[in-house]
Structures are given as C-alpha cells and as structure tokens.
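Peer 1: Sequences are here, hints too, so could you generate the full structure?
Following the working numbering, the numbering of the sequence shown begins with 3 at its first residue and continues without gaps.
Incorrect hints may have been included.
With a Cα cut of at most 20 Å, we get these calculated DMTMM-like pairs of lysine to aspartate or glutamate [what the hints assert, rightly or not]: (1) Lys234 with Glu323; (2) Lys243 with Glu232; (3) Lys268 with Glu323; (4) Lys272 with Glu232.
Derived CB-CB ranges, DEER-like [as the list claims (entries may be wrong)]: (5) Arg138 with Asp352: 34 to 44 Å; (6) Pro168 with Thr279: 50 to 60 Å; (7) Leu80 with Val257: 25 to 35 Å; (8) Val241 with Leu65: 47 to 57 Å.
Simulated from the structure, these hints should not be mistaken for laboratory data.
Note that this is a predicted model, so its numbers are computed, not measured.
Note that beta-carbon positions come from the ideal geometry of N, C-alpha and C, so glycine has one too.
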Amino acid sequence: LARGSLWLHSHHLSNPLTASMASLTAAGAERFEQWDAGQPSVLMLIVFWLFIGAIIRSLPLSLQRHLPYTVIVLLVGLGVGYLGAGCTSDDFMCYPFKVISEKAPYPGISPAMLQLAVLPPLIFAELFHTDLYMFRKVMGQALVLAFPGVLLSALLMCVFVVYLLPQYFDWNTGMMFGAMLAASDPVAVLAGMKELGADPRLTTIISGESIMNDGCAVVLFTLFYGAAFEAKGFSAGAVVKFTAMQTVGAVALGVCFLLGALAVLKLCRKEMSVVLTIIIAVPFMCFYTATLVDTSGILSLIPLSLGLRLFSRNFLWGHLEEASHTVWELVEFMANTFVFLISGVIMVADLMSSK
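Peer 2: Printed below as a string of structure tokens:
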C-alpha cells in the first residue's frame, strides 16, 4: 500500500479518481500501522509458524529419521530469520519480522513472555504423563545428575573459560556461562528415543534429570548474575537464604498449587472441557506466581506435575484420560515448534544486527 501511494505521487497523476485512490491507499497504510501498534502481527506470526511446523511434521519419516523434527524446525527458523533480517521496507509483509527485531518500534515477544508461553507446557506435559513407578526407581540417579552433576559441570567450564579467556570472563561470569552450558536440552533426543522404542528406564532418567537440572542451572545462573551485575554479596547467610528460597520455596509453592488444583477438580463439574481447562491453566498460574515471588518456576512445576499425575485417577478416567493425552501432545508439539522456530529467527536477527 505504501509503495503504491509513493509510485502514484512520484508520477504526479492529476486524474481526480487516481488522486482519490492514492489518498485512500495512504490512509489505509496509516490505519494498518495504527492497528498493528497493538501487535496482532505477533499472534499471526505464531499461527503461521505453527502452520509451518505442521507441514514439516508431515515430511516423510525417512527424512525425519536422519534429521529430527526439532532440527528441521530450527533450520527453517534460521531461513525465516534470514529473510526477515533483510526486510527493511515499510510494507505490511515486513511487520511480522520486525516485531522480533531491534528495528521494531515495539518490544514484540519479550523473554519473560517466551518463558511463560513455553516452559510450563513443556515441563508439565513431560512429567504429567510419566510413569511414576519408573520415576521413583530412577529418581536417585536423576537427582545425582541434576544437582551435583550440574554444579560440577558448571565449575569445570568456569575454570576452563576463566584461564583460557581471562579478558572476557571472571569467576562470576564464568559460573554464569558454565551454568548455561550445564543445562541439557534433550527435546530432540527424547523425541528420537520415543520413536525408536528405547528403554523406558533410560528415557525416564534423561527426562527427569533434564527438567531438574534446568531448575538447578537457572538457580545457579541467577545467583552469580546477582553477584556480577547487581552487586549482591556472597555471604554464607545470603547464599543459604537464596538457595532455600529457590528450591524449598519453589517446592512448597508447587505443593500449594497442587492442593488447590485437587480441591477445585474435586468440586468442579466432571466435564471434559472443564477438567482439561483447569489442568492446562494451573501450570501457567504456578509458573507465573513463582516468578512474582522470586523463586524457581521450573522447580515449582515438578511437585505440581507429579502430584496431579499421582491423583489423576480421581478426576481422569476413561475418555478424559485419552483426551488429556491428546490435548497435551498437541500443546507440547505447538510449544516445541514455536520455541525452535523463534530460536532460529532470533539467532539470525541477533547475528545480522551485530554486524
């Protein structure tokens, strides 16, 4: 629309009808810009990406055996990001790309919004449909890998970068870097293992450990971030208080939401739409509340998810159990598609903007 009005203006068209069309075109472009200030393009961008994910998921299985679904989605996200990075005009087709770049006049998708949209469904879906008997058997191994394992991995990486690149890292930033790398991301690995029919014990160990080590890594990163950039002290009392708030406080918050959810599910009407809506809404509210009270949202979801799974026979039976699996598979698929696509786009956008 904007290009059309500029073209008409450049040719000095004096036809009244043409001039009227030009003014309408310019007004339409201005109205679109005002309308898009509310960022509906962000929503349409997400919908379009989910549509792309469905097409990728429909690719031949022979291709997806060599390249996992999440890897293909990330590659497509890199391509979309490359196309969007070169989109510098004021055409309305560029708005969906500009909302996630530094060139946009509005913040677009914030990191907090991304965490709230992606982490609760991914963590809850993985734990809510896990085998509790198998999880209890492997919990000891998962705890050793998640907490001492993450701490040791972060410490070794910190020592490596501090001595190798002392001009870029001190001990605080080195531990932040180590904590980021210590958190594993087994999404593609677990998807491949499930498709290949791997040993459920191994799958449960990797799944449980990955969720708990994500929580541990976030706590570790936040601790050293405060020391590096917020001038927070490292006294023994402060560290103990912070660790207790991020772990024990998170577990206590998750238990509170668990008890509240069980009470609501006991009193509510046992209809599919009602029960599934409550089960979907509670993890988001728990994670959001954990963020507000400055504790770990990831760790707070662990007792909530496992507790609801333990008592699921009281409110999920027959067709409700089957519907729950179907809905959470869809939610997990949408979250994985969204996070890997936007990761590829943001990686390219940051790379292009840094040049």
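Peer 1: It remains to establish, for every hint, whether it holds in the given structure.
Peer 2: Hint by hint, here is what the structure shows:
A hinted pair counts as satisfied when its Cα atoms are at most 20 Å apart, and Lys234 with Glu323 does not qualify at roughly 47 Å. For the hint linking Lys243 to Glu232, the alpha-carbon distance of about 17 Å falls within 20 Å, and the restraint holds. Distance hint between Lys268 and Glu323 is fulfilled; the C-alpha atoms sit about 16 Å from each other, no more than 20 Å. With a CA separation close to 49 Å, the supplied pair Lys272 and Glu232 exceeds the 20 Å bound.
Taking the beta carbon of each, Arg138 and Asp352 are about 42 Å apart, inside 34 to 44 Å as hinted. For Pro168 paired with Thr279, a C-beta distance near 54 Å keeps the hint of 50 to 60 Å intact. Distance hint check: the CB atoms of Leu80 and Val257 are about 41 Å apart, inconsistent with the given range 25 to 35 Å. Checked against the hint of 47 to 57 Å, the C-beta distance between Val241 and Leu65 comes to roughly 49 Å, which is consistent with it.
The structure is inconsistent with the numbered hints 1, 4, 7, although it conforms to all the rest.
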